[in-house]
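Visitor: Residue numbers (numbering that gives the first Met the number 0), protein chains in the order written: chain A, 0 to 203; chain B, 0 to 76.
A few of these clues could be false.
[Stated by the list, open to error] Calculated lysine to any residue pairs in the SDA-like style (CA-CA distance at most 20 angstroms, straight line):
#, chain 1, residue 1, chain 2, residue 2
1, B, Lys38, A, Phe119
2, B, Lys57, B, Tyr16
3, B, Lys22, A, Leu111
Everything labelled a hint here was simulated from the structure, so no lab data went into it.
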Amino acid sequence: MSKTKTVDARGLACPQPVVLAKQAIEANEKIKVIVDNDTALENVKRLGVKSGCDVKAEKKSDGTYEINLTRKAGAVEAKEEFIPSCVATPAQSGPFVIVISADKMGRGNDELGYVLIRAFLHTIALQAEKPDVIIFYNTGVLLTLQESEVLDDLKELASAGVEMLVCGTCLNYFEAKEKLGVGAVSNMYDIAGIMSRAGRLLVP
Amino acid sequence: MKVQPQYSVMLFKAVSYVLKAEKILKKEGLPHKLIPAPKHISSDCGICLRFESAMQNKIEASLLNKVEIEEIREMTD
Chain A
0 MSKTKTVDAR GLACPQPVVL AKQAIEANEK IKVIVDNDTA LENVKRLGVK SGCDVKAEKK
60 SDGTYEINLT RKAGAVEAKE EFIPSCVATP AQSGPFVIVI SADKMGRGND ELGYVLIRAF
120 LHTIALQAEK PDVIIFYNTG VLLTLQESEV LDDLKELASA GVEMLVCGTC LNYFEAKEKL
180 GVGAVSNMYD IAGIMSRAGR LLVP
Chain B
0 MKVQPQYSVM LFKAVSYVLK AEKILKKEGL PHKLIPAPKH ISSDCGICLR FESAMQNKIE
60 ASLLNKVEIE EIREMTD
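Input sequences plus hints: build the corresponding full structure.
Guide: What follows is the structure in structure tokens.
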């Protein structure tokens with residue numbers, strides 16, 4: 000009964016490796032699971048801990064992992080259902096984009112919304128993690144004008160290297176192109192392009 | 000980098016007081032800025048008015064008997 004059962008889960012898609020490991024540890028005292036990715040490694044380790052096993056994981060020179068699970072004496076069966084996580088850590092590919100689509104934050108009360116958007120932009124300007132790009136359209140462009148009450152915050156962001164794209168059609172509509180105080184006049188090609196490529200898109 | 004002026008913040012009991020004070024200061028042409036209340040300062044409404052500390056007397060005078068101010072504090076950072 001002390002023979003080690005080996006589960007070779009290389010090449011299998013999540014959640015297959017952890018499903019096979021679970022079946023194996025239910026039928027055996029000791030198992031060895033071989034996996035080839037971090038998600039499977041973490042899932043099998045979590046399974047081991049949850050089902051009352053000693054867990055030993057080892058990285059092999061070929062990039063695979065061997066995880067040894069040994070059921071502890073008197074270990075009780077896991078009460079809660081084990082839920083494997085198949086979400087890999089998302090790769091941050093595209094730029095971090097903030098879209099200011101109005102001179103208000105949220106819907107409902109405009110006066111309050113105007114308070115909130117000013118507080119939001121001030122906070123973003125102070126924050127260490129700055130966006131790569133801020134896009135302004137519709138009434139959002141009003142915040143970029145010379146008389147804007149958040150002009151200082153936006154200028155600070157611009158000087159910290161944040162790219163500011165201001166919708167030209169919108170400036171034209173509000174007859175405010177001459178009053179632009181920060182950022183570059185942009186167009187829908189750039190705006191739609193950057194929004195499409197964004198790794199993260201935040202719309203307050 | 001330009002030298003940052005010394006700022007103070009004015010705290011109020013409610014958002015409506017902040018807005019009322021802001022309207023008065025705008026009308027009087029007294030420079031100020033609405034910002035989120037700094038984290039280390041407890042505030043019920045979460046926003047406050049920031050102004051250059053040198054302006055405090057003028058600002059206080061313009062709000063006297065019009066808006067109830069809860070507290071004025073110098074900003075440390």
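Visitor: Determine for every hint whether it applies to the structure shown.
Guide: Consistency of the hints with the structure:
Proximity of Lys38 (chain B) to Phe119 (chain A) is assessed by CA-CA distance (about 14 angstroms); at most 20 angstroms being required, the pair is judged to hold. Proximity of Lys57 (chain B) to Tyr16 (chain B) is assessed by CA-CA distance (about 18 angstroms); at most 20 angstroms being required, the pair is judged to hold. Pair hint Lys22 (chain B) plus Leu111 (chain A) holds up; C-alpha atoms about 14 angstroms apart against a cutoff of 20 angstroms.
Consistency note: the structure conflicts with none of the earlier hints.
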